[in-house]
Amino acid sequence: MYGVVDCNNFYASCERIFQPKLEKLPVVVLSNNDGCIISRSKEVKQLGVQMGSAAFKYKDLFKRYNVQVFSANFPLYADISSRIMKTVAEFVPELEIYSIDEAFFTLNGWSKEYIVEQSQKLHSAILKRIGMPVSIGISDTKTLSKAANEIAKTIESYKGVCIINSEPQRISLLKSLEVGDIWGIGRQLESRLNSLGIYNAYQLTCCDDNWIQKELTISGLKTVMELRGTSCIELESIHPAKKSIISSKSFGHKVTALHELEESVSSFTARAAEKLREEHEVASTIHVTITTNFYRQQDKQYYNVATSVLPWPTNYSPTLIETALKGLKRIYKPGYNYKKAVITLSGLVSEDIVQGNLFHSTDSSKVERKLMNVMDTLNNEWGSGTLQYAAEGIAKSWRGKSENRSQRFTTKWGELPVVK
Amino acid sequence: MQVTHVFSSTEFPSLSFPLYTSPVSAGFPSPADDFADTKLDLNDYLVKHPAATFFVRASGDSMIDAGIHSEDILIVDRSLEAQNGSIIIAVLNGELTVKRLQKKEKRIYLLAENTAYKPIEVTEDEDFLIWGVVTSVIHKVQ
Chain A
1 MYGVVDCNNF YASCERIFQP KLEKLPVVVL SNNDGCIISR SKEVKQLGVQ
51 MGSAAFKYKD LFKRYNVQVF SANFPLYADI SSRIMKTVAE FVPELEIYSI
101 DEAFFTLNGW SKEYIVEQSQ KLHSAILKRI GMPVSIGISD TKTLSKAANE
151 IAKTIESYKG VCIINSEPQR ISLLKSLEVG DIWGIGRQLE SRLNSLGIYN
201 AYQLTCCDDN WIQKELTISG LKTVMELRGT SCIELESIHP AKKSIISSKS
251 FGHKVTALHE LEESVSSFTA RAAEKLREEH EVASTIHVTI TTNFYRQQDK
301 QYYNVATSVL PWPTNYSPTL IETALKGLKR IYKPGYNYKK AVITLSGLVS
351 EDIVQGNLFH STDSSKVERK LMNVMDTLNN EWGSGTLQYA AEGIAKSWRG
401 KSENRSQRFT TKWGELPVVK
Chain B
1 MQVTHVFSST EFPSLSFPLY TSPVSAGFPS PADDFADTKL DLNDYLVKHP
51 AATFFVRASG DSMIDAGIHS EDILIVDRSL EAQNGSIIIA VLNGELTVKR
101 LQKKEKRIYL LAENTAYKPI EVTEDEDFLI WGVVTSVIHK VQ
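In order, the protein sequences belong to chains A and B.
Residue numbering for the first sequence is 1 to 420, as defined by my numbering.
Residue numbering for the second sequence is 1 to 142, as defined by my numbering.
Treat the hints with care, since some could be wrong.
List of simulated lysine-lysine pairs, DSS-like, C-alpha gap at most 30 Å [stated by the list, open to error]:
1. B:Lys48 - A:Lys329
2. A:Lys159 - B:Lys106
3. A:Lys112 - A:Lys300
4. A:Lys333 - B:Lys48
5. A:Lys420 - B:Lys118
6. A:Lys340 - B:Lys48
7. B:Lys48 - A:Lys420
8. A:Lys412 - B:Lys48
9. A:Lys121 - B:Lys103
10. A:Lys329 - A:Lys243
11. B:Lys104 - A:Lys420
12. A:Lys175 - A:Lys42
13. A:Lys242 - A:Lys153
14. A:Lys45 - A:Lys63
15. B:Lys103 - A:Lys24
16. B:Lys39 - A:Lys254
17. B:Lys106 - A:Lys333
18. B:Lys103 - A:Lys128
19. A:Lys159 - B:Lys118
20. A:Lys121 - B:Lys48
21. B:Lys106 - A:Lys128
22. B:Lys39 - A:Lys340
23. A:Lys121 - B:Lys118
24. A:Lys214 - A:Lys175
25. A:Lys24 - B:Lys118
26. B:Lys103 - A:Lys420
27. A:Lys329 - B:Lys140
28. A:Lys159 - B:Lys103
29. A:Lys333 - B:Lys39
30. A:Lys420 - B:Lys140
31. B:Lys39 - B:Lys140
32. A:Lys326 - B:Lys48
33. A:Lys412 - B:Lys39
34. A:Lys254 - B:Lys48
35. A:Lys21 - B:Lys48
36. A:Lys112 - A:Lys21
Simulated from the structure, these hints should not be mistaken for lab results.
So that you can see chain B by itself, here it is in the shape it has in the complex:
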């Protein structure tokens, strides 16, 4: 993406545009348009199940190739079912860990996203639980 034009702030007076909550259609106006003036709230964008959503902080670089850096905040939804390939928070031997879930035949593997880390096979006798599914990563660039 290219930066094509840079405007100074005086050229753009502030204008609020109402956000329409329903697509404009050719029929009767929707009563829901009473609520046209909705402010953009990151909670609505990032948190689909507030009661089941928790924030955790990443530590280390085991998932760096998935875009998860140390100190990033991960948004974890515990109501979702983890699929093969989901990035999950798991409990392994009493510790919370973030890894990519791999289900191969009847076996379960926890994969890091960093070539320096080997995949972990979760065996039946191990203390393992899928704690939640990571839906977003918040990475601050500044």
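Extracted from the complex, chain A is given alone in its bound form:
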């Protein structure tokens, strides 16, 4: 059995943890430079605000509905992410960090009753201990657990946990799942499948295997097999959705010293960076996980993860290695038999789209071209009056405009939450 846990509206929910008056207000979080929307609370989604769109398009709407606007606070988000992963690790034998707010886990050998009990406990624990609402989906395969997770997230009566472990449930789930929402399929293939009369996941599972492999490649066939209930994508294997890259190793011998972990972390990071470059992608977040052997309960247990959001997405090995090693230093504790180290690179985007910090390119002509494109687009779309605002906004971003960033409540002594 596999499970996936992910946070509801992660960045917006993080802002609510230390500012409880936000609980009842609509909240939106903007990217670096306050450019685009990267997280919306439920209320903001209901207003029709689109994810990823330019923030100032909604300036008036935000004012009208008293939407609380925050600049991204990545040190806070990364710290909350680590805490969530650590909490998950207390409940499950093995987990795989998939992104800053999502993780897969295994539940092998657990009885049905125990699965229900533990998943509800995990949901409550994350809400109580960290103040983060999450959704948990559990099923026989990763792909099905992702679909179950969607149900848990959208249908309130599930109270955040959806377990699909019977045939009738599986079939009913697949019939209600659009092909475009299948993990690993996505919108590009959706129109092609729709044109062939395939609209939901159930219909897709009824197709011929050879045809599937031809149309959707072997990766697509694996996805379909998983939808049918046969697991073929294990923890830490390559994903059809390719949202993260993992490089890890279980140590054959007892590893206790920092320098040995440093060597491993450096080489894993270099390897992961290579894979990134092969895919022509850059990563925005790096997670370093070190863990003892969960199955050797006689050993003192330790699980920790250092999550760092990079100032700009990159696939440059020295930057990634430096960040990884800094993270390792933060979490390393002497006196434990470490079994495994894992490097996860998440928040992957194509090399061409450098989100946020336009100005970090070493090729200044490329930057200028991008800048001119942006200004032209804005000018055309919103009239020449907007050009001035846009130019001002972009110029400010050179100095890292973060007008409304909340305090770094968990990583800076001078910015702790205040209680009276």
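On the provided structure of chain A, position chain B as indicated by the hints.
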């Protein structure tokens, strides 16, 4: 406690004593004694549940009689269940506050530790949540 003797620093050369992690017993030595040289880490002493522990800064004097001064850092463990008498961080009407929890019959009160402040009764219609339990106070004397 009396100060009985003051030594100057030259009389005491620095000596590190390993901290034994297991009590000395008359049987076989424990393999865990490989890790005898553990440095004292305040995190181990103060933070039992790292993932669920947060630091907050106290403001004002409402809890002065409990030893909480303005600017002190409070260590808050959100994994603990608050009991009657626990010092808690609560959310009351959208604000974080530190008070002593009192549960009397079915009623909940938030008590200050300062005679200048009246107890607050938390009524059902009020927006109230127990955020976490305060386990330690860090008060700097210098």
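Here's how the hints hold up against the structure:
Taking the CA atoms of Lys48 (chain B) and Lys329 (chain A), the gap is near 20 Å; set against the 30 Å cutoff, the hint holds. Note on Lys159 (chain A) and Lys106 (chain B): the hinted pairing holds, with a Cα-Cα distance of about 27 Å set against a maximum of 30 Å. For the proposed pair Lys112 (chain A) and Lys300 (chain A), the alpha carbon gap of about 29 Å is at most 30 Å, so the pair holds. Between Lys333 (chain A) and Lys48 (chain B) the alpha-carbon distance is near 15 Å, which keeps this suggested pair within the 30 Å criterion.
The hinted pair formed by Lys420 (chain A) and Lys118 (chain B) meets the criterion: a straight-line CA distance of about 14 Å does not exceed 30 Å. A hinted pair counts as satisfied when its Cα atoms are at most 30 Å apart, and Lys340 (chain A) with Lys48 (chain B) qualifies at roughly 24 Å. The hinted pair formed by Lys48 (chain B) and Lys420 (chain A) meets the criterion: a straight-line CA distance of about 24 Å does not exceed 30 Å. Proximity of Lys412 (chain A) to Lys48 (chain B) is assessed by CA-CA distance (about 20 Å); at most 30 Å being required, the pair is judged to hold.
Annotation: proposed proximity of Lys121 (chain A) to Lys103 (chain B) holds, straight-line Cα distance about 25 Å (limit 30 Å). In summary, the hint linking Lys329 (chain A) to Lys243 (chain A) is supported, as the alpha carbons are separated by about 26 Å, within the 30 Å threshold. The straight-line distance between the Cα atoms of Lys104 (chain B) and Lys420 (chain A) is roughly 23 Å, inside the 30 Å bound, and the hint therefore holds. For the given pair, Lys175 (chain A) sits about 26 Å from Lys42 (chain A) by alpha-carbon distance, which is consistent with the 30 Å threshold.
The straight-line distance between the Cα atoms of Lys242 (chain A) and Lys153 (chain A) is roughly 22 Å, inside the 30 Å bound, and the hint therefore holds. Our distance criterion of 30 Å between C-alpha atoms is met by Lys45 (chain A) and Lys63 (chain A), whose separation comes to about 16 Å. For the suggested pair Lys103 (chain B) and Lys24 (chain A), the alpha carbons sit about 27 Å apart, so the restraint of at most 30 Å is met. The hinted pair formed by Lys39 (chain B) and Lys254 (chain A) meets the criterion: a straight-line CA distance of about 21 Å does not exceed 30 Å.
Proximity of Lys106 (chain B) to Lys333 (chain A) is assessed by CA-CA distance (about 45 Å); at most 30 Å being required, the pair is judged violated. Taking the CA atoms of Lys103 (chain B) and Lys128 (chain A), the gap is near 20 Å; set against the 30 Å cutoff, the hint holds. Only pairs whose Cα atoms come within 30 Å are accepted, and Lys159 (chain A) paired with Lys118 (chain B) is rejected, the gap being roughly 38 Å. At most 30 Å may separate the alpha-carbon atoms for a hinted pair to count; Lys121 (chain A) and Lys48 (chain B) meet this at roughly 20 Å.
A threshold of 30 Å between alpha carbons decides the hint, and for Lys106 (chain B) with Lys128 (chain A) the separation of about 22 Å falls inside it, so the pair holds. At roughly 24 Å between alpha-carbon atoms, Lys39 (chain B) and Lys340 (chain A) fall within 30 Å of each other, so this suggested pair holds. With a CA separation close to 37 Å, the supplied pair Lys121 (chain A) and Lys118 (chain B) exceeds the 30 Å bound. Taken as a hint, the Lys214 (chain A) and Lys175 (chain A) pair is honoured in the structure, with Cα atoms around 23 Å apart against an allowance of 30 Å.
Proposed proximity of Lys24 (chain A) and Lys118 (chain B) is supported: the alpha carbons are some 28 Å apart, at most 30 Å. Proposed proximity of Lys103 (chain B) and Lys420 (chain A) is supported: the alpha carbons are some 21 Å apart, at most 30 Å. Between Lys329 (chain A) and Lys140 (chain B) the CA atoms are separated by roughly 28 Å; this keeps the pair inside 30 Å, and the hint holds. Distance hint between Lys159 (chain A) and Lys103 (chain B) is fulfilled; the C-alpha atoms sit about 28 Å from each other, no more than 30 Å.
Using a Cα cut-off of 30 Å, the hinted pair Lys333 (chain A) and Lys39 (chain B) holds, with the two alpha carbons roughly 11 Å apart. A hinted pair counts as satisfied when its Cα atoms are at most 30 Å apart, and Lys420 (chain A) with Lys140 (chain B) qualifies at roughly 18 Å. The straight-line distance between the Cα atoms of Lys39 (chain B) and Lys140 (chain B) is roughly 22 Å, inside the 30 Å bound, and the hint therefore holds. This hinted pair checks out: Lys326 (chain A) and Lys48 (chain B) have alpha carbons roughly 24 Å apart, not beyond 30 Å.
With a CA separation close to 24 Å, the supplied pair Lys412 (chain A) and Lys39 (chain B) stays within the 30 Å bound. Simply put, Lys254 (chain A) and Lys48 (chain B) have alpha-carbon atoms about 26 Å apart, close enough for the 30 Å limit, and the pair holds. Note on Lys21 (chain A) and Lys48 (chain B): the hinted pairing holds, with a Cα-Cα distance of about 29 Å set against a maximum of 30 Å. With a C-alpha separation of about 39 Å, the suggested pair Lys112 (chain A) and Lys21 (chain A) falls outside the 30 Å cut-off, and the hint is violated.
The structure fails to meet hints 17, 19, 23 and 36 from the earlier list, while all remaining hints are met.
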